[in-house]
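There are 2 protein chains.
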Amino acid sequence: MGRWQPDARGRLAKAALELYVERGFDRTSVAEIAERAGLTERTFFRHYADKREVLFAGSSELRDVLAGAVAQAPESATPLDAVAVALEGAAGVLEARKEHARQRQSVIDANTELQERELIKLASLSETLTDALRQRGVDEAAAGLAAEVGIAVFKFAFRRWVDQTGERELAQFIRESLAGLRAVTADA
Amino acid sequence: MGRWQPDARGRLAKAALELYVERGFDRTSVAEIAERAGLTERTFFRHYADKREVLFAGSSELRDVLAGAVAQAPESATPLDAVAVALEGAAGVLEARKEHARQRQSVIDANTELQERELIKLASLSETLTDALRQRGVDEAAAGLAAEVGIAVFKFAFRRWVDQTGERELAQFIRESLAGLRAVTADA
Numbered sequence: 001m002g003r004w005q006p007d008a009r010g011r012l013a014k015a016a017l018e019l020y021v022e023r024g025f026d027r028t029s030v031a032e033i034a035e036r037a038g039l040t041e042r043t044f045f046r047h048y049a050d051k052r053e054v055l056f057a058g059s060s061e062l063r064d065v066l067a068g069a070v071a072q073a074p075e076s077a078t079p080l081d082a083v084a085v086a087l088e089g090a091a092g093v094l095e096a097r098k099e100h101a102r103q104r105q106s107v108i109d110a111n112t113e114l115q116e117r118e119l120i121k122l123a124s125l126s127e128t129l130t131d132a133l134r135q136r137g138v139d140e141a142a143a144g145l146a147a148e149v150g151i152a153v154f155k156f157a158f159r160r161w162v163d164q165t166g167e168r169e170l171a172q173f174i175r176e177s178l179a180g181l182r183a184v185t186a187d188a
Numbered sequence: 001m002g003r004w005q006p007d008a009r010g011r012l013a014k015a016a017l018e019l020y021v022e023r024g025f026d027r028t029s030v031a032e033i034a035e036r037a038g039l040t041e042r043t044f045f046r047h048y049a050d051k052r053e054v055l056f057a058g059s060s061e062l063r064d065v066l067a068g069a070v071a072q073a074p075e076s077a078t079p080l081d082a083v084a085v086a087l088e089g090a091a092g093v094l095e096a097r098k099e100h101a102r103q104r105q106s107v108i109d110a111n112t113e114l115q116e117r118e119l120i121k122l123a124s125l126s127e128t129l130t131d132a133l134r135q136r137g138v139d140e141a142a143a144g145l146a147a148e149v150g151i152a153v154f155k156f157a158f159r160r161w162v163d164q165t166g167e168r169e170l171a172q173f174i175r176e177s178l179a180g181l182r183a184v185t186a187d188a
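In the order they appear, the protein sequences are chains S and L. With the first letter of the first sequence counted as 1, position 103 gets the number 103 in our numbering; the numbers rise by one all the way through. With the first letter of the second sequence counted as 1, position 14 gets the number 14 in our numbering; the numbers rise by one all the way through.
Bound-form chain S, shown alone:
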């Protein structure tokens, strides 16, 4: 194995996810992940703090996409409009790695500790949205509420996207869920 390892990080992530799906997260070791990727444990730990981090390293990209989309939403956009644009942006990222996203979710669904970690991630994405909205001049209460509700919509749409038997896009589920939200709140 040469010292130059093209996309070691990506190979490790792919190997890890394969093993988590095959054997379960708890029954997979870092040594096995490194071996499957044709790399050393030392290389693994240069890229990831632990085997859990492999599943959550994408969070920072989602955060950046959400924050960037909110910042760039048209000035006339309401807080929820801005959140909607941001969620569609995040949907684009996940759509591009659809198989990964679905396999990852099946691993998380099978493990309570990972479910907890995933909820923490979603809570941090809500904070990201809140901060981005406040930077647009949205007052704190409206920002927090639009962000919390936006993440609730995202969570709901994401679950439907993962569970579908068809091939509809996440962005479509998000648009439907936002429309559903409007219908639900208008009725009441």
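Source of the hints: derived by calculation from the structure; they are not laboratory data. None of the values given here were measured: they were computed from a predicted structure. Note that CB positions come from ideal geometry on N, CA and C, so glycine has one too. Check each hint, because a few of them may be wrong.
So the derived list for chain L, only partly shown, Cβ under 7 Å to chain S, looks like this [to be verified]:
1. Val107
2. Ala110
3. Leu181
4. Thr185
We have chain S already, so just place chain L on it with the hints.
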């Protein structure tokens, strides 16, 4: 100490919360909780599986209140109306133990592991609402969405209630947040 221990469970919970606030959750042992309550460790473990459970034993009451309120909401109530009634019911429970709820939250805010557990609790309350709505004949998608959004509103309102310097009731924050939700979605 006699064998008959009036409200041992309540005394243990009170002692535990006091100690968590004074010393922090991690620096409190079951032995110290039992001592503060004037009881034995054995008695503690008859009531609680561990020191974390003391903080989450109230979840089942909240679940019952939410499910009961949704079931009893008028037939004409929309899914979000039914969720609103349920959240106000839960607010009543928390309002009755306001000081406890606030102290408990300060303990949770200081500890990442407890924050994760609290998010799991909220996710399970969302499932409770979904199930209760489905039993009213609400279709799965509308039930899931109203429940997720309802819990987002609750989380938001609860945080404002805990952080307030005044003495306004949680139910009032919930009503305001639901009104805010309607405003936010109508605008968009």
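Report task. Report the numbers of all earlier hints that the structure fails to satisfy, in ascending order. Result -> 1, 2
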